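A.B. asks: In case you want the letters, here they are:
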Amino acid sequence: MLLSFAQWIQATDFFTYLRGSGYVYPCILSMHMVTLAVFGGMILMTDLRMLGWAMSSRPVADVVDQLRMTKRWGLALMATLGVLLACCKAEEYYFNIFFRLKLLLLALIIVHALVFRRTVYAQAAEMDRAGRVPGNAKLAAALSLLLWVGVACMGRGIGYIDPPFGIHAQLWPL
Amino acid sequence: MQIDNPLNASPLAFPILECIHIVGFAVSIGTIAIVDFRLLGIGMRRETPSQILHDTSLWTLGGLVVMLFSGLLLFSSDPDNYYLNYAFDLKMVFFLLAILFHYTVHRKVAQRDSPHGKAVACISLALWTLVVFGGIFIGFLNSTLDIHHI
Numbered sequence: 305m306l307l308s309f310a311q312w313i314q315a316t317d318f319f320t321y322l323r324g325s326g327y328v329y330p331c332i333l334s335m336h337m338v339t340l341a342v343f344g345g346m347i348l349m350t351d352l353r354m355l356g357w358a359m360s361s362r363p364v365a366d367v368v369d370q371l372r373m374t375k376r377w378g379l380a381l382m383a384t385l386g387v388l389l390a391c392c393k394a395e396e397y398y399f400n401i402f403f404r405l406k407l408l409l410l411a412l413i414i415v416h417a418l419v420f421r422r423t424v425y426a427q428a429a430e431m432d433r434a435g436r437v438p439g440n441a442k443l444a445a446a447l448s449l450l451l452w453v454g455v456a457c458m459g460r461g462i463g464y465i466d467p468p469f470g471i472h473a474q475l476w477p478l
Numbered sequence: 076m077q078i079d080n081p082l083n084a085s086p087l088a089f090p091i092l093e094c095i096h097i098v099g100f101a102v103s104i105g106t107i108a109i110v111d112f113r114l115l116g117i118g119m120r121r122e123t124p125s126q127i128l129h130d131t132s133l134w135t136l137g138g139l140v141v142m143l144f145s146g147l148l149l150f151s152s153d154p155d156n157y158y159l160n161y162a163f164d165l166k167m168v169f170f171l172l173a174i175l176f177h178y179t180v181h182r183k184v185a186q187r188d189s190p191h192g193k194a195v196a197c198i199s200l201a202l203w204t205l206v207v208f209g210g211i212f213i214g215f216l217n218s219t220l221d222i223h224h225i
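Line order of the protein sequences matches chains H and G.
Yeah, the first sequence ends on 478 if you go by the working numbering, and it's all consecutive.
Yeah, the second sequence ends on 225 if you go by the working numbering, and it's all consecutive.
For the record, the hints were derived by calculation from the structure and aren't laboratory data.
Careful, some of the hints might be misleading.
[Said to hold, decoys possible] Residues from chain G shown here face chain H by an in silico Cβ test under 8 Å; the list is partial: (1) LEU92; (2) VAL102; (3) GLY105; (4) LEU115; (5) GLY116; (6) GLU122; (7) THR131; (8) TYR157; (9) TYR158; (10) LEU159; (11) PHE163; (12) PHE208.
None of the values given here were measured: they were computed from a predicted structure.
Cβ coordinates follow ideal geometry from the N, Cα and C atoms, glycine included.
This is chain H alone, in the form it adopts within the complex:
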């Protein structure tokens, strides 16, 4: 059912046009990478601040709280562009192991947010008052770093549908 949805959506006029558009498709991909650089970089810096490795002369709350809205808008833009890209080649991506792993990691990121939002990310000011970052906050930051770097790497992997790996569509036959 998911596969027939994928086949239907990529066959719509809009996505057929985008796929064959020459310049428009690479421009969308480029903007997806620009948002990755700008807002992905902000996510990494927030995590690194929590771990005490970057921007340590700034309060944790200044970094976590003030970048929150910027990252949120950036993430919305990045996700929108990503959905456009995925719909262009939905059928191929359905079979693509890297695309599946990327979705899995994104699902884990949602779980991460549900688990740590209240206990860690809403407590930044508390950490500054106490003068130390608790262990669970450092764990949250380290996991976030790994998950986001993983998402970026899986995203790059999607492009390798054909060789060098040649595992596309072989691990999950119809």
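Given chain H, put chain G in place with the hints provided.
C.D. replies: Relative to chain H, chain G alone:
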């Protein structure tokens, strides 16, 4: 003269280097963007631009070094092809402009909280955006768009 590049021995080397390249530019461009957004009045407004610049500059430099070295290794896998690729040439031009701008005008303006901050932030973001576009188009010029010069 043909030299065997060990990077071409393993099919995994290129994609892994690309991932390192991506993390490198996410850190460098991301930290520069935090300063740019502040100059535009978005994000870390409780800090001055010069405080943010001071706190992120080491990470910016680290990201740039990682990006540059992984980029050189990627280039070394097939230099002829890159040399002939129009998008690669443009990317290098924009990259040099972006680096030059970052360590001259951008740095000065961020350090002195000058009134030209917004214009400088826009130029900085535009230059780095063009570098990323150049990188993506390298792959598309080779395969689909087919408009090599020569």
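A.B. asks: Please go over all the hints and tell whether each is borne out by the structure.
C.D. replies: Taking the hints in turn, this is what the structure says about them:
no.	hint	in the structure
1	LEU92	violated, 10 Å
2	VAL102	holds, 6 Å
3	GLY105	holds, 1 Å
4	LEU115	violated, 10 Å
5	GLY116	violated, 11 Å
6	GLU122	holds, 6 Å
7	THR131	holds, 7 Å
8	TYR157	violated, 17 Å
9	TYR158	violated, 21 Å
10	LEU159	violated, 18 Å
11	PHE163	violated, 14 Å
12	PHE208	holds, 4 Å
Of the numbered hints stated above, those contradicted by the structure are hints 1, 4, 5, 8, 9, 10, 11, listed in ascending order.
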